[in-house]
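A.B. asks: Here are the chains, one letter per residue:
Number of protein chains: 2
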Amino acid sequence: MNFSQQVETTLPLFEEQLNSIFYTPSGSPDGLYEPGRYLLSLGGKRLRPALTIWVAQHHGKAFNDAISAALAVELFHNFSLMHDDIMDEAPVRRGQPTVHLRNNLATGILSGDAMLVVAYQQLMKYPNPLCGVLTSHFLQTSLEVCEGQQWDMEFQERAMVSSTEYLQMIRFKTSVLLGEAARMGALVAGVSADLANTWYKFAVAAGLAFQIQDDLLDCFGDSTKTGKQSGGDILVNKKTLLTILAWENSNEDQKKDAQFIWSLPPSVEKIERTLAWYDATQAKQKTEAVRDQFLNEALKELSWIEGDTSLFKEMAHLFAHRDH
Amino acid sequence: MNFSQQVETTLPLFEEQLNSIFYTPSGSPDGLYEPGRYLLSLGGKRLRPALTIWVAQHHGKAFNDAISAALAVELFHNFSLMHDDIMDEAPVRRGQPTVHLRNNLATGILSGDAMLVVAYQQLMKYPNPLCGVLTSHFLQTSLEVCEGQQWDMEFQERAMVSSTEYLQMIRFKTSVLLGEAARMGALVAGVSADLANTWYKFAVAAGLAFQIQDDLLDCFGDSTKTGKQSGGDILVNKKTLLTILAWENSNEDQKKDAQFIWSLPPSVEKIERTLAWYDATQAKQKTEAVRDQFLNEALKELSWIEGDTSLFKEMAHLFAHRDH
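Line by line, the protein sequences give chains B and U. Be aware that the first sequence starts at 152, since it is given in my numbering, and climbs by one per residue. Be aware that the second sequence starts at 152, since it is given in my numbering, and climbs by one per residue.
Don't read these hints as lab results, they were simulated from the structure. Predicted, not measured: the structure shown is a model, and the values here were computed from it. C-beta: ideal position from N, C-alpha, C; glycine also. Be aware that a few hints might be false.
Stated by the list, open to error - Footprint (simulated), chain U over chain B, 3 or more residues, beta carbon under 8 Å:
#, segment
1, 233-247
2, 294-302
As the list claims (entries may be wrong) - Partial list, derived from the structure: chain B residues whose beta carbon lies under 7 Å from chain U:
#, residue
3, Pro180
4, Gly182
5, Leu183
6, Asn255
7, Ala257
8, Ile260
9, Asp264
10, Ala265
11, Val268
12, Tyr271
13, Met275
14, Asn279
15, Pro280
16, Cys282
17, Ser287
18, Ala310
Claimed, not checked - Within a straight-line C-alpha distance of at most 20 Å, the following computed SDA-like cross-link-like pairs (lysine to any residue) qualify:
#, chain 1, residue 1, chain 2, residue 2
19, B, Lys276, U, Met275
20, U, Lys276, B, Pro280
21, B, Lys276, U, Glu295
Work out the full structure, taking the sequences as your base and the hints as a guide.
C.D. replies: Encoded structure:
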């Protein structure tokens, strides 16, 4: 089966399980869990839990062996969305009001907290010592996700960050959870710690390629495919890898130009001048090169894994070269 | 050793361990952890971690065997303070600015999240299967604490709640964590599940007596000892067990009186009329009776436990009959 066939096979089964969470027994305050149901009902690509399930299946395990770990990953992801949307003052998530606007701030915080706890509870369904191994890894990854969000917020207050700092930030904020999703699939299948870590490294690298492609799509993507206005990041002076690499490859005159561009209000002129600056500094090519370096890193990790890994190869290529 | 000698022996050792958490290695964003250090530095009675340590010691274990579980409990407690202070819009905690006012809302949320994760990480230091048992229990208790906070917020929107609902709310919001603190001390000492649950029930009941005494002290306490203005709860129409029991024991005329009292602005008259209403309905005596019922329940649980339990007996009496 190719990637999209695999998605069509796995996702309906996963959604069914996901829907059964957060329907609370009588006696529990439903107001705590209903916002979780709402956020989950808004959908999403479910790439993380799918990865957990597919890696477990690759090593001969069934959907049912991986489902609890997959649920843990998806619930954690939605917990982080619920809290991040408050921190980022985001009014909309997947075209619908965010929880803190739909309900209120307190609900956004507390329902998010409960979702995090319920995520960890999924891992308790595995026997010892697997349960402890999964939980230890997942807690470390959780803390890294918090650190990534902290860096993201701190970087917004700074005039510029280095490409090294930026890559570390997106690694923690988004890629390590994808890595953990893959590693947990391997661990529930009972493979060696080394092999589980190879899966982790594969998915972290693929996740980095995914994130960098995000920056590229915002600027150069076809807006009829991405569904977003091209240059949205430029209009709000967002520090993407494109901007950072353009800055790092600018001479003094180009840096002065850049500072002038940032002072401009959102406008077509602002976008056009930025594109000219990217062009002069070869920012697009350099960003693509970093993206492809991570894609190659992912594929190299995959080459250590026995069996037919074509599904994962396709996934990595899609991550790096998707058009929406 | 009596209770206060035991506190003096245990707490300095505990504080030392607590202080070592959240000093992060270079490379981590300190902005994520510094608010945790700040909140922990504001102090607190540390009754929960002390209970964990004392129960473990009662069963022959050393301070070092219990410290990680004790840290987990105290870190969880401070996580919940950090988030509750946002939800309750509290400007002050232990005489100092709350984290979300000292830093900002996003920091209050994210540093709280990180603190919760770090709390669970403490439990990973125990070997399997103990690690899994502790974590399962602690996650269930965590969710109950969230449910308690949810009820508390929902009850504030309602005209009245029943005493049954109120007791369930304070049980979840505050007492189960004390219960878990005791149970974890027993579990790290390797006692039977039954005995560990007896410790849990002891501490939950003692915690309920503690909370009810809180309501009584706010109204009838000596303000030179409590450090709070007497009748503070009355001035803001807070639904305490006193008010709820007064309401449940009121005839129609008294209920009309009560509704008039609630419509009054904060004033000496409002306090005096409330006290007269409490008097007419014997609310104080009834509240004291419920408190003492929980104290007796705690002492009864304690009677099942072998060895010298005088420290815990003293603790339960202090909880129920403290004057500040």
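A.B. asks: All the hints need checking, so say for each whether the structure fits it.
C.D. replies: Results for each hint:
1. 233-247: Coverage by chain U holds here, the residue count being 3 at a Cβ distance below 8 Å.
2. 294-302: Held - the segment 294-302 of chain B has 6 residues with a Cβ nearer than 8 Å to chain U, which meets the minimum of three.
3. Pro180: OK, holds: proline 180 of chain B within 7 Å of chain U, min 4 Å.
4. Gly182: Since the shortest Cβ distance to chain U is 6 Å, the answer is holds.
5. Leu183: Since chain U brings a Cβ to about 4 Å from leucine 183 of chain B, closer than 7 Å, the hint holds.
6. Asn255: 9 Å, violated
7. Ala257: Holds - the Cβ of alanine 257 of chain B comes within 7 Å of chain U, reaching about 4 Å at its closest.
8. Ile260: Hint on isoleucine 260 of chain B: holds, closest Cβ of chain U at ~5 Å, below 7 Å.
9. Asp264: The hint holds - aspartate 264 of chain B has a Cβ within 7 Å of chain U, the shortest such distance being about 6 Å.
10. Ala265: The hint holds - alanine 265 of chain B has a Cβ within 7 Å of chain U, the shortest such distance being about 4 Å.
11. Val268: 5 Å, holds
12. Tyr271: 6 Å, holds
13. Met275: Hint holds; methionine 275 of chain B Cβ to chain U Cβ min 5 Å, cut 7 Å.
14. Asn279: Holds, about 4 Å.
15. Pro280: 4 Å, holds
16. Cys282: 5 Å, holds
17. Ser287: 5 Å, holds
18. Ala310: 17 Å, violated
19. B/Lys276 x U/Met275: Cα-Cα ~16 Å, so holds.
20. U/Lys276 x B/Pro280: 13 Å, holds
21. B/Lys276 x U/Glu295: Holds, because 19 Å separates the two Cα atoms, which is no more than 20 Å.
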